[in-house]
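**Q** Letter by letter, the chains look like this.
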Amino acid sequence: MGPLLEVKNLKKHFSVNKGSIFNKNVGTLKAVDDVSFEVYKGETLGLVGESGCGKSTAGRCILRLIEPTEGEISFEGRDLRALNAKDIRRARKDLQMVFQDPYASLNPRMKVRDIISEPILLHGITRGREVQNRVAKLLDVVGLAPYHADRYAHEFSGGQRQRIGIARALAVEPKLVVCDEPVSALDVSIQAQVINLMEDLQREFDLTFIFIAHDLSVVHHISDRVAVMYLGRVVEIAGYSELYKNSQHPYTKALLSAIPVANPKLKKERIVLKGDVMSPIDLPPGCNFHNRCPHAAAVCKETAPVLKDIGNGHKVACHMI
Amino acid sequence: MSETVLNLNDTQQPRNETRESKGLWADAFNRIVRSKSSLIGLIIVAIFLLVALVAPVIAPYDPINDSDLVKRLEEPSGQHIMGRDSQGRDIFSRLIYGSRISVQIGVISVSFALILGVSLGAAAGYYGRWLDGIIMRAMDILLAFPSVLLAIAITAVLGPELRNAMIAIGVVYTPHFARIVRSTVLSVKAAEYIEAARSIGCSDLRIIMRHVLPNCIAPIIVQTTLSVGTAILDAAALSFLGLGAQPPTPEWGAMLSDGRSYIQKAPHVMIFPGMAIMFVVLGFNLLGDGLRDALDPRLKQ
Numbered sequence: 001m002g003p004l005l006e007v008k009n010l011k012k013h014f015s016v017n018k019g020s021i022f023n024k025n026v027g028t029l030k031a032v033d034d035v036s037f038e039v040y041k042g043e044t045l046g047l048v049g050e051s052g053c054g055k056s057t058a059g060r061c062i063l064r065l066i067e068p069t070e071g072e073i074s075f076e077g078r079d080l081r082a083l084n085a086k087d088i089r090r091a092r093k094d095l096q097m098v099f100q101d102p103y104a105s106l107n108p109r110m111k112v113r114d115i116i117s118e119p120i121l122l123h124g125i126t127r128g129r130e131v132q133n134r135v136a137k138l139l140d141v142v143g144l145a146p147y148h149a150d151r152y153a154h155e156f157s158g159g160q161r162q163r164i165g166i167a168r169a170l171a172v173e174p175k176l177v178v179c180d181e182p183v184s185a186l187d188v189s190i191q192a193q194v195i196n197l198m199e200d201l202q203r204e205f206d207l208t209f210i211f212i213a214h215d216l217s218v219v220h221h222i223s224d225r226v227a228v229m230y231l232g233r234v235v236e237i238a239g240y241s242e243l244y245k246n247s248q249h250p251y252t253k254a255l256l257s258a259i260p261v262a263n264p265k266l267k268k269e270r271i272v273l274k275g276d277v278m279s280p281i282d283l284p285p286g287c288n289f290h291n292r293c294p295h296a297a298a299v300c301k302e303t304a305p306v307l308k309d310i311g312n313g314h315k316v317a318c319h320m321i
Numbered sequence: 001m002s003e004t005v006l007n008l009n010d011t012q013q014p015r016n017e018t019r020e021s022k023g024l025w026a027d028a029f030n031r032i033v034r035s036k037s038s039l040i041g042l043i044i045v046a047i048f049l050l051v052a053l054v055a056p057v058i059a060p061y062d063p064i065n066d067s068d069l070v071k072r073l074e075e076p077s078g079q080h081i082m083g084r085d086s087q088g089r090d091i092f093s094r095l096i097y098g099s100r101i102s103v104q105i106g107v108i109s110v111s112f113a114l115i116l117g118v119s120l121g122a123a124a125g126y127y128g129r130w131l132d133g134i135i136m137r138a139m140d141i142l143l144a145f146p147s148v149l150l151a152i153a154i155t156a157v158l159g160p161e162l163r164n165a166m167i168a169i170g171v172v173y174t175p176h177f178a179r180i181v182r183s184t185v186l187s188v189k190a191a192e193y194i195e196a197a198r199s200i201g202c203s204d205l206r207i208i209m210r211h212v213l214p215n216c217i218a219p220i221i222v223q224t225t226l227s228v229g230t231a232i233l234d235a236a237a238l239s240f241l242g243l244g245a246q247p248p249t250p251e252w253g254a255m256l257s258d259g260r261s262y263i264q265k266a267p268h269v270m271i272f273p274g275m276a277i278m279f280v281v282l283g284f285n286l287l288g289d290g291l292r293d294a295l296d297p298r299l300k301q
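Sequence order for the protein chains is A and B.
The numbers in my numbering rise by one with no breaks, and the one at position 244 of the first sequence is 244.
The numbers in my numbering rise by one with no breaks, and the one at position 207 of the second sequence is 207.
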């Protein structure tokens, strides 16, 4: 069976302009540069990387909330980039999103009932009285009570709000849910609750997740496979346990070494990267990581490495492997 | 296990629903009543609207036909508490009926500006780019003229009539609404819940109507209230100049203009309409300022 979602050579470039009347293009920001990956039905793909590496942009490009510059996004064999405005709105029935900030992602002027029923009505899932039954059921599924439907979003805590956001995404029975750092704005104790909830829902509704995060321990909990991004490119992609045990890319190694271990006696070698991330505007050719890489060679400054399969679906983009 | 326990704590004790769901408006009303100046504004506006509503019941005489030229410019007395005007008509009755015309002017001209200004401002703010440029430059051109001068020019072109004066005032007030709505739309548009609305499949029109504009409502209400007051003032100015309501319509500005020639001999003919205009405009301004503070404390500057 083919993948549910296939992203090929996805690019999103923003031009950086100066001046208000005579716009002068002073550079190109490659937020997402040649990213390819597949997502299979029922799995969770973790998309990790530091702030500004383009993971959220990539997620939004898949739903076409941001128009990609180039590339191919095929969902169940259908090219999403070829759809017109009306068809992409329809296609969003199958593709949903859970947002990062539960305080900003719910309309403050709408009751929870209206927030959750809006997608149901828009896509004509049910009509009339059934809609309210469905809202009540969705609230129950995410662990809220039916009387919560008549409240406004500001009356809830962060964790409860995120549950409302999840209920809204699930309202249309989507096949794929892009979760854009859904727990990073929550307290750690609430994070675990929400992640457990998402895992339960995935099992119950046969969902496929793209789980964007900057926290590997969160990704560890939920992901089947992980793609590591650095400055707009995927540097390594593998099953989680494979990645954990057998990471190849120096950036992934550094990231993994930063996960704290709950055993003070265990001494771990910590890889501390030197230098800063390069400016994403007008990147030089070559590997984006070459200025911080401990193993950088001359070739790294000249040509960008491509993802190579090293077996078991483990792919790495590095000249030194 | 721990999850269920936490959940119970989360969901216990449903808070008082009536107080919670009315939230914003109940709070706003409380704040208006608590502030002295906005309470005065509210009372003036309420009296004004009430008088307009029951004018035929409370007016002692007919505003146009009950004239007695022999007793013209008669001073205030027990029978005519504000005296008679140049045609011998009861000024008090004419003021009462005039409030109906002022309400009409305020509502119609401001609604005109509201509908036009909000649509233009929302389109400019939401779509941005060249549409924003075209709309807002057009609004800047309208704003470049002094408002009364522009209104005079428009009524002069359309012809001196109350209806045309209302259209002129509507046009003059449109850019104020467009500007305020545009800037509010720009800030609301960037919110994550707008992106969420797109992600669930809302069309642009639906996003503007259901998600963007409801979150711009506070500044729109404040601007509407303030505009009703100044629109009444501007309409009075146009009528005073003979470009708005025509005699014998009991319009306040026209009454003021009528009494102008007798200011030395019979000042009451001018004083009462002048005071009526002043109080109504004051009332709307106080209420508008109060609403601004009550609906959104951040707008205070």
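Watch out, some of these pointers could steer you wrong.
[Said to hold, decoys possible] Under the rule of at most 25 angstroms between Cα atoms (straight-line distance), these lysine-lysine pairs were calculated in the PhoX-like manner:
hint : chain 1 : residue 1 : chain 2 : residue 2
1    : A       : K93       : B       : K189
2    : A       : K175      : A       : K253
3    : A       : K86       : B       : K189
4    : A       : K308      : A       : K41
5    : A       : K137      : A       : K86
6    : A       : K111      : B       : K265
7    : A       : K111      : A       : K41
8    : A       : K308      : A       : K245
9    : A       : K18       : B       : K189
10   : A       : K41       : A       : K24
11   : B       : K265      : B       : K71
12   : A       : K175      : A       : K93
Rather than coming from a laboratory, the hints here were simulated on the basis of the structure.
Every value quoted in this text rests on a predicted model; they were computed, and no experiment measured them.
**Q** Next step is simple, just say for each hint if it's right about the structure.
**A** Hints and how they fare:
With a C-alpha separation of about 22 angstroms, the suggested pair K93 of chain A and K189 of chain B falls inside the 25 angstroms cut-off, and the hint holds. A C-alpha spacing of about 33 angstroms is found between K175 of chain A and K253 of chain A, which places the hinted pair above 25 angstroms, so the restraint is violated. Taking the CA atoms of K86 of chain A and K189 of chain B, the gap is near 21 angstroms; set against the 25 angstroms cutoff, the hint holds. For the hint linking K308 of chain A to K41 of chain A, the alpha-carbon distance of about 23 angstroms falls within 25 angstroms, and the restraint holds.
Restraint check for K137 of chain A and K86 of chain A: the C-alpha separation of about 29 angstroms exceeds 25 angstroms, so the hint is violated. With a C-alpha separation of about 64 angstroms, the suggested pairing of K111 of chain A with K265 of chain B is violated against the 25 angstroms cut-off. Distance check on the hinted pair: K111 of chain A and K41 of chain A sit about 33 angstroms apart at the alpha-carbon level, beyond 25 angstroms; violated. Between K308 of chain A and K245 of chain A the CA atoms are separated by roughly 18 angstroms; this keeps the pair inside 25 angstroms, and the hint holds.
Taken as a hint, the K18 of chain A and K189 of chain B pair is honoured in the structure, with Cα atoms around 23 angstroms apart against an allowance of 25 angstroms. About 45 angstroms separates the Cα atoms of K41 of chain A and K24 of chain A, which puts this hinted pair outside 25 angstroms; it is violated. This hinted pair checks out: K265 of chain B and K71 of chain B have alpha carbons roughly 14 angstroms apart, not beyond 25 angstroms. A C-alpha spacing of about 8 angstroms is found between K175 of chain A and K93 of chain A, which places the hinted pair at or below 25 angstroms, so the restraint holds.
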